[in-house]
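Please model the entire structure based on the sequences and the hints provided.
Chains as they are written, first to last, in the working numbering: chain V, 1 to 127; chain L, 1 to 127.
Among the clues, some could well be false.
One copy or two, it doesn't matter: identical chains are merged, so the pair holds either way.
Restricting the straight-line Cα-Cα distance to at most 20 Å, the calculated cross-link-like pairs of lysine to any residue (SDA-like) are [said to hold, decoys possible]: (1) Lys56 / Gly68; (2) Lys8 / Ile93; (3) Lys125 / Glu66; (4) Lys125 / Ser22; (5) Lys8 / Asn75; (6) Lys111 / Asn50; (7) Lys56 / Asp92; (8) Lys125 / Leu60.
Hints listed in this document are in silico derivations from the structure and should not be mistaken for laboratory results.
Protein chains: 2
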Amino acid sequence: MVDGYGLKMTPQRRAIIEFLQSSVDHPTAEDIMNAVNERFPMTSRPTVYNTLNWLKGSGLINEVFEGGAVRYDPNTSPHHHFVCRRCRVVQDIEPELVDAVSFGTRLGDKKVESFQVTIRGLCQKCQ
Amino acid sequence: MVDGYGLKMTPQRRAIIEFLQSSVDHPTAEDIMNAVNERFPMTSRPTVYNTLNWLKGSGLINEVFEGGAVRYDPNTSPHHHFVCRRCRVVQDIEPELVDAVSFGTRLGDKKVESFQVTIRGLCQKCQ
DNA sequence: TCTGAGTTTATATCTAGTCTAAACAGGCAT
DNA sequence: ATGCCTGTTTAGACTAGATATAAACTCAGA
Chain V
1 MVDGYGLKMT PQRRAIIEFL QSSVDHPTAE DIMNAVNERF PMTSRPTVYN
51 TLNWLKGSGL INEVFEGGAV RYDPNTSPHH HFVCRRCRVV QDIEPELVDA
101 VSFGTRLGDK KVESFQVTIR GLCQKCQ
Chain L
1 MVDGYGLKMT PQRRAIIEFL QSSVDHPTAE DIMNAVNERF PMTSRPTVYN
51 TLNWLKGSGL INEVFEGGAV RYDPNTSPHH HFVCRRCRVV QDIEPELVDA
101 VSFGTRLGDK KVESFQVTIR GLCQKCQ
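And the structure:
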């Protein structure tokens, strides 16, 4: 998974990678730290974050939901959001501009209540 | 905006609501607190959060991005995510299950680089 | 005026994540 | 083998975002 990315393999990093590869439930950094500490007690928090940020930078893993502060939107009609990678501005996207995601109220076993499309890229100013 | 929701109007709440209504850029709680404090110095952080949570519960505003911990996903192929409202589990949704969002590499003035669909509802166990 | 429900405030606390400095480990030249 | 250099790990301090608690305040209604 990692060869060729210039990463020096260490037991801690191997444990983090193996845990991620075996996981199916999108663990948080905390989950990962707990799991790795069962095999390598005393693996420190910064090591976990260092490794995760590095794997992310190499494109080997993705962040599913960005953390950071919650943002509030007074527009409660259905619409989507565009986030600029550079300046972080968030702009509303009217739904008709997007080829609507359309599916029933069920998705396999799941009862769908709402969905949100987050589009990422560069805004006009940042291009 | 608020009449009929059983909310008692106070200057702080009015300022928060008016600021939100005039905003187009999805402010954070911090942004809101700073803005309200220009009109009502010493409006405390808990008051801002109380009011926001209350407006959210009344459906008058939406949270655009959930805060909380970042989650990591070793699956780097394009796919979407389902989040259960009750148990918070996150499951991968293969893209072919969703009527794909399709649009060009431009959306008006914006350069689109990626997009992510987050579907919310109840998972099988929680229904 | 008094009372009490609801609101605001200050403060403490919690969680997620980053920064810094010191200790440590391994590879390479001498 | 010894010493140096680079990169890694660790502990601990720190920051930001958010919540909990308890005391003080406000104001409508008796």
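Cross-check of the supplied hints:
no.	hint	result
1	Lys56 / Gly68	both (17 Å within a copy, 18 Å between copies)
2	Lys8 / Ile93	neither (43 Å within a copy, 33 Å between copies)
3	Lys125 / Glu66	neither (23 Å within a copy, 26 Å between copies)
4	Lys125 / Ser22	neither (41 Å within a copy, 22 Å between copies)
5	Lys8 / Asn75	neither (48 Å within a copy, 22 Å between copies)
6	Lys111 / Asn50	neither (37 Å within a copy, 30 Å between copies)
7	Lys56 / Asp92	between (27 Å within a copy, 18 Å between copies)
8	Lys125 / Leu60	neither (30 Å within a copy, 31 Å between copies)
In this structure, the hints that do not hold are numbers 2, 3, 4, 5, 6, 8, in rising order.
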